[in-house]
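Novice: Make a model of the complete structure from these sequences and hints.
Protein chains: 2
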Amino acid sequence: MPLKNTNIVSAAQTKFGALKGVTFREMFAEAVDKATTQAGVPKKEIQAAFIGSFIPEMLVHQGHTAPLLLDFAGLKGIPGTRHEAACASGATALRAAIMAIESGIYDTVLVAGVEKMTSSSTAKVTEALAAAADDQFESSIGLTFPGVFGIAAVAHMQRYGTTEEDMALVSVKAHKNASTNPLAQFQKEITLEKALTPRYVAWPLKLFDCSPISDGAAAVVLTSNEKAKKYTDLPVKITGTGQASASMDLCNRSDLTSFSSSVDASRIAYKMAGLEPKDMDFAIVHDCFTIAEIIASEDIGFFKPGEAAKAVRDGVTALDGDRPINPMGGLKAVGHPVGATGVKQVVVAYKELLGTAGPNQVPKHDTCIVHNFGGTGATCVVTVMRRSDV
Amino acid sequence: MPLKNTNIVSAAQTKFGALKGVTFREMFAEAVDKATTQAGVPKKEIQAAFIGSFIPEMLVHQGHTAPLLLDFAGLKGIPGTRHEAACASGATALRAAIMAIESGIYDTVLVAGVEKMTSSSTAKVTEALAAAADDQFESSIGLTFPGVFGIAAVAHMQRYGTTEEDMALVSVKAHKNASTNPLAQFQKEITLEKALTPRYVAWPLKLFDCSPISDGAAAVVLTSNEKAKKYTDLPVKITGTGQASASMDLCNRSDLTSFSSSVDASRIAYKMAGLEPKDMDFAIVHDCFTIAEIIASEDIGFFKPGEAAKAVRDGVTALDGDRPINPMGGLKAVGHPVGATGVKQVVVAYKELLGTAGPNQVPKHDTCIVHNFGGTGATCVVTVMRRSDV
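Chains as they are written, first to last, in this note's numbering: chain F, 27 to 416; chain A, 27 to 416.
Treat the hints as calculated values from the structure; they're not laboratory data.
Heads up, a few of these hints could be off.
If chains are identical, the list can't say which one is meant, so a pair holds when it fits in one copy or spans any two.
List of simulated lysine-lysine pairs, DSSO-like, C-alpha gap at most 27 Å [said to hold, decoys possible]: (1) Lys46 x Lys330; (2) Lys102 x Lys297; (3) Lys30 x Lys41; (4) Lys70 x Lys220; (5) Lys330 x Lys102; (6) Lys70 x Lys297; (7) Lys297 x Lys69.
Specialist: Structure representation (structure tokens):
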């Protein structure tokens, strides 16, 4: 049965990128200010906060982030919890907020995500990100994330004939879309030739197959039906939510060409929303690496297994294609401040659904799916969103 | 209005202490196995997991803990999120689980907490714990947690005449209660003289005023009313839940003799439950330091401000007193594996409410309050629990 009472009435993000001189708490406060101002939600009407952040302990030596951030953002006193599931942290915060609204305990809440990564050395960031893999069986023996997704890419290439060029085309599309997104880390197009520059990070993944290290924050205001009327005539409904896990370590996976948590979470979310993949006008998927977008678009049912690469080649997933994916640029070109990503994806979906995405507007925009995953898909959260007048 | 649908049908913990050779994931699995076996809940009936853990990134270099732990504990695939609010991490996981049940999205879920602290050096643990304070304004200038609570103790002594002996009596009571608790880290009584040994950690707090560094895990199974019948004739109801925040840094607090988040969270939880402090038969409070128990017992309304010390002196908070507090020994003597604590408190409350606490059984045990806080009370979560036949 679709969720009945969960509405998005506002959604905003900071610019993503290397935000020199802007601290962890300042980015959070900026996103909150933008989101609350946009919908005219007085801060005193926000009853609770659900915050996604992956690893501030290691990146800014700050745990217990919720009360700290809330105080700094002018929301002192309200309950706040930080939710963590690696790169899916933002979406797990969203889910907790959905349950808070659906339970009737709160009727206006904040969901936010934040990560400050560029103030640490690359070695420190790599060490921090490695904490999202199994320390005992993966990261401690040197398997970093580009390595893990490189393995998945090889498996996909071997089974389906996916090529390095197919992956590069995902990057070219991401950069093209981001070129008109003023909040993106990389606002410039790249050629296929450049995307194929053989600066390998972990074969077959090259520099342009990898999302960058970024700073950023995003915030969304959720309300009950009753309260939504107060802030907007046109809220966006969250009608389906699904979350699933998989084993953390790749050695216990039966298939490396698909992530079972993506398949499971999508199935649950579609079922709850009473909709199918064909009902989705576009998708926001977790493209931490180009191969991840290809696999995700198959896992969420946009394409059959092994057919996503062809869709990319044919422009089906382009902004003006039949099934646009990541129309504002995705993690690849917009940036990937880990804890913010899952919330930023919802911000993008919200803008597109309302038809307010400007040069990045997709043609059909009634309903969409948002896919956020953590690690190598050990966690996946999928959300189905729909404009309320549909 | 009291929560209508949230039942505890099972609750268990590992032994707390320096558990040499037992890993983070093994402790978690042990607590889950105990909790599911106790109530005869087949693992396949658990639909989602809510996990409290404070800082595994720094202590065991492991983030993204939920899927890892669930896989290891035989619960692969179900959605799991890690919830973090410093020492209140366990109770924030509990609250998310309560909302999941009350929303109707799930009807049988696991709440668990875990922390592995003793495999790190004391310096590393101190650094990790400091991440629960404001890095910019407190921890980076050397204010550690014993220091922060030392300041609170001085303020309480100055305003109310509370003495070092009063605090020592809290420690003596904790050790007495823990002496018959086989799961406690310190199972031995101490004399008042010993508690007063002048080994100062941060004046006026001495060694025996401080909770120890510990390993441990705890787990609770929550179900809807309908499902509860399947597992037990006598569930325990959670009827009230409250959470509140305060500014992280002490310099922005108007009062150091009380923690506003404890007062606020208690008020919310009592109101939701439709009960008052006088209706509580006993309390489980967050005694990370002895002064914290004294202040908490005032903040939750068991005693008027400044009157808790007298209650301790008069034995009112003893196991056989009129208002027992921490009847199994509290954090002080049972141990304080940070993320596990908030869940372990619920385990203790569950045992006491059912009358199954053996030598640690409180005489009246229909209703109780559980108080878990994080940092210096920047986060507080309060839970009101009641036996279902009351």
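Novice: Within a copy, between copies, both or neither: which one fits Lys102 and Lys297 at a CA-CA cutoff of 27 Å?
Specialist: between (38 Å within a copy, 21 Å between copies)
Novice: Could you place Lys330 and Lys102 in one of the four classes (within, between, both, neither) given a Cα distance threshold of 27 Å?
Specialist: between (48 Å within a copy, 25 Å between copies)
Novice: Cα distance capped at 27 Å. Does Lys46 pair with Lys330 within a copy, between copies, both, or neither?
Specialist: neither (43 Å within a copy, 49 Å between copies)
Novice: Since the copies are identical, ignore which copy is meant and state whether Lys297 and Lys69 lie within 27 Å (CA to CA) inside a copy, between copies, both or neither.
Specialist: The answer is between: 23 Å across copies meets 27 Å, while 35 Å in one copy does not.
Novice: Please work out whether the CA atoms of Lys70 and Lys220 approach to 27 Å or closer within one copy, between two copies, in both situations, or in neither?
Specialist: For Lys70 and Lys220, neither the intra-copy (50 Å) nor the inter-copy (49 Å) Cα distance is at most 27 Å.
Novice: Have a look at Lys30 and Lys41 and pick one of within, between, both or neither, based on CA distance no larger than 27 Å.
Specialist: neither (32 Å within a copy, 43 Å between copies)
Novice: Go through the copies and call it for Lys70 and Lys297: within, between, both or neither, with a Cα cutoff of 27 Å.
Specialist: Close across copies (20 Å), not inside one copy (36 Å); limit 27 Å.
Violated hints, listed in ascending order, are 1, 3, 4; each of the other numbered hints is respected by the structure.
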